[in-house]
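Trainee: Going down the list, the protein sequences come from chains A and B.
For the first sequence, the residue numbers in our numbering are 1 to 292.
For the second sequence, the residue numbers in our numbering are 293 to 668.
Please note: incorrect hints may appear among the correct ones.
Pair ranges (Cβ atoms, derived) [unchecked claim]:
| id | chain 1 | residue 1 | chain 2 | residue 2 | range |
| --- | --- | --- | --- | --- | --- |
| 1 | B | Arg470 | A | Gly272 | 43 to 49 angstroms |
| 2 | A | Lys148 | B | Asp641 | 26 to 32 angstroms |
| 3 | B | Phe504 | A | Gly32 | 35 to 41 angstroms |
| 4 | B | Ala450 | A | Arg117 | 21 to 27 angstroms |
| 5 | B | Arg456 | A | Ala195 | 42 to 48 angstroms |
| 6 | B | Gly438 | A | Arg151 | 42 to 48 angstroms |
| 7 | A | Pro201 | B | Ala455 | 55 to 61 angstroms |
| 8 | B | Thr652 | A | Asp291 | 21 to 27 angstroms |
By construction, these hints were calculated from the structure, which means they are not laboratory data.
In this text, all values refer to a predicted model and were calculated from it rather than measured experimentally.
Every residue, glycine too, gets a C-beta built ideally from N, C-alpha and C.
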Amino acid sequence: MAIHLTKESKILVQGMTGGEGMKHTRRMLAAGTNVVGGVNPRKAGRTVDFDERSVPVFGSVAEGIDATGADVTVVFVPPAFTKAAVTEAADAGIGLAVVITEGVPVHDSVAFLAHARGRGTRVIGPNCPGLISPGQSNAGIIPADITKPGRIGLVSKSGTLTYQLMYELRDIGFSTCVGIGGDPVVGTTHIDCLAAFEDDPDTDLIVLIGEIGGDAEERAAAYIRDHVTKPVVGYIAGFTAPEGRTMGHAGAIVSGSSGTARAKQQALEAAGVRVGRTPTETARQVVAVLDA
Amino acid sequence: MDLYEHQARELFADHGIVVPRAEVTGSPKQAREIARGLGGRVVVKAQVKTGGRGKAGGVRLAADPAAAELTARQILGMDIKGHTVETVMLAQPVDIESEFYVSYVLDRAAGGFLAIASAEGGMDIEEVAATRPEAVARVPVDPAEGVTPAVAARIADAAGLPARTVDVLVRLWDVLVREDALLVEVNPLVRTRDGQIMALDGKVTLDDNARFRQARWGDEAGTAHDPLEAAAAAKGLNYVKLDGEVGVIGNGAGLVMSTLDVVAGCGARPANFLDIGGGASAQVMADGLSVVLSDPSVRSVFVNVFGGITACDAVADGIVRALDTVRLTKPLVVRLDGNNAERGRALLDERAHPLVEQVTTMDGAASRAAHLATTP
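The shape of chain A in the complex, shown without the other chains (with noise of 0.2 angstroms):
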C-alpha cells in the first residue's frame, strides 16, 4: 500500500519546463509514475514530449486538476517563486505537494505551509529529495533504479543518506522512502511518517535517519514510545559538527547545547530505537531485526 504515496497517484509537476522540471520527471516517468501534466502560465497549452509519452502544460494547477484528476504535485519552480506556487497548489485542492527546491526563504515557507494546512494540503519538503514508493510511483529527485519494493519504511532528512539506506538494503526493498527535507521549517515531519507507516500494512520496519539542529528526533522518540510498535532503526549524523555553524543543509545546526546528535541519539535509544552508528552499521541492525 505505501504511504504518502501509490501507483493510484495522479502527479503533476510544478516547473517541468524548466532544466531540473525536465530531467526529472523524465526520470520519474521512466520509474513508471503516473505524470499527468506540467503546470506553467506561459507555456499552457503546449505537450512536452518524453521518451515514451506526451505531457500535457497546464496553465494553472486548478486546470491541471480539473482536466486530469491530479492529486499529488511535484515543486521545481526556483526558492523566489516557491511561496506562489504552493499557495496556487493549495488553493486548487491538491492533497500532497512535494517541494524539492532549495534555498526558500523561511518566512515563506512558514507562509505556505500555514497556508497548507488550512486547506488541507499536505506539505513534504520545501528542500528534500521527495518520495518513492518503489516499483509503484516516484515523485521528486530519489534515484529510482537503486533498490526494489519491499517492506521497509524509510524517513529522512538527508537525501543522500537515504540513498545509501535505500542501496545498502536493496535485497529487502522498501514500502516507501520520504525525504522530508533538511530545512529549519518543514511540512512533514518524521512524526508524521511514523504515524503513516504505523498504519501501513505493507511496512515491517521503520527506518529513521536524523541529524544535528532542532528537535524533531526527540519529538519522534517520543512519539515512538508511546505509539509505534514496529521496529525502528535510527541514523544521526552529524556528532563532529562544530557548535554555530550550519553543515549543508540550511537546518543543520547545533545552537549552544540544543540540537546536538549525541542527544538525539540517547532519546531515541531510551524509546527503545537500535541506532547504528554508521550508515553500514545500520543497515545490518535492520537485516538483523528483521531476521530475528
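Assemble the complex: chain A is given as a structure, and chain B must be docked to it using the hints.
Mentor: Below, chain B alone, put in the same frame as chain A:
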C-alpha cells in the same frame, strides 16, 4: 548569518526602535574621539558574534575619553570563546529603571515564530526559563496575522511588560519580517529613568536563503574569517573548516556529516566538511580537491561518493579529469558506491595514480584514510 550587535542596533534604529547613541571602531585612538563626541563617559563593548561578553570582560564602563581609549586597547584583540575582537562599540550610558527581555524566535517544531518576553531582562533568558518558567511568556504568532498592536498588547500583558513596550514589539516584528530574520532578540529592553523604552543590546540572525531579496547584506556574504573558507566560498563550495587531519569530500550534506562521524569513529579527526552536491563535475571536484589539499593540516583525503542520479562512472570521470589539473600532494582514498560503481572503480583503476587508492565500503575507506593521516 548572525549580525554583530552594532548591525542589529542599526536595523532596530531603521525600524524606529529607540537605541542609545553609539559608534563603532577598531582603533583605540578613534575610541577616544568617539567618547568625546558622546559626552565623555561611555560603555565600551566588544563586537563578537557570541554570548557571554560581559563575563569575559568584553563590556566595560569608561569614565572619560582617555579611559575609553585605554579600555578599547584592552578589549580589541581579546579572545572571547574563540572569537577575536576586531571592533568595539562605544555607547552612551543609559540610566536604567527596569530591564525586560523580548524576542521572536523560529519554533521549528510548530513551523512558525514564537514571541518570548519576560519582565526579568538583562540576564540569560534560558536561565530564567529554567529557574522561573512562570516569568517567561511564550506566545505563538499567527504568520498570516503577524504582530498587530492587539497581538503585541497580548504579548506584553502575558509577560507583565509595561504597555509602552507594545510599539517596540510591533516594530521588532517588522524587523523580523522585512529583514528576513530568523531571530530578533532585545536583551535588555529597558525603561530609562525618564520613561523611554530603549533597546540596549540586540541579536539578529538573518536567513541566508533570503539573500536574493535582501540586497543590503550582499557584502557580508563573503566575510568568512578563515582563509580556506573564504577561498571555498569564492568557488561556490559548501565548505566548513574543522581542526583535524583527514580532508573530506562527499556528495550530499547528510552523507558528508556522516562521513565526518565515521572518520572520527576511526580515531582520526576530520579536517573539513565539503559537500560537492549531486552533479560532481570535474570542475567542482578539482575546485574541491584544491581547497582541501591547500589545508596544511590535511594528511589524507577521503572522497566519499554515493552515485545516484549522477552515477559513479560520471563521478569517477570527474575525479580522473580533476587529477589532470590538480597536483595531488597527499594520499587520496576514494569510495564509490551506488549506480555503476564497478564501471566507476574501473575508470579510476585505469588512471592508476600512485597516490589514489580505492576502498569499496564507506567504513573501510574511512578507516584507511584515518590510518594514512595518523601514521607518521
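Trainee: With reference to the structure, classify each hint as holding or not holding.
Mentor: Each hint tested on the structure:
1. B:Arg470 - A:Gly272: 43 to 49 angstroms: holds, 46 angstroms
2. A:Lys148 - B:Asp641: 26 to 32 angstroms: holds, 29 angstroms
3. B:Phe504 - A:Gly32: 35 to 41 angstroms: holds, 36 angstroms
4. B:Ala450 - A:Arg117: 21 to 27 angstroms: holds, 24 angstroms
5. B:Arg456 - A:Ala195: 42 to 48 angstroms: holds, 46 angstroms
6. B:Gly438 - A:Arg151: 42 to 48 angstroms: Distance hint for B:Gly438, A:Arg151 holds at roughly 46 angstroms.
7. A:Pro201 - B:Ala455: 55 to 61 angstroms: holds, 58 angstroms
8. B:Thr652 - A:Asp291: 21 to 27 angstroms: holds, 24 angstroms
When each numbered hint is compared with the structure, no violation occurs for any of them.
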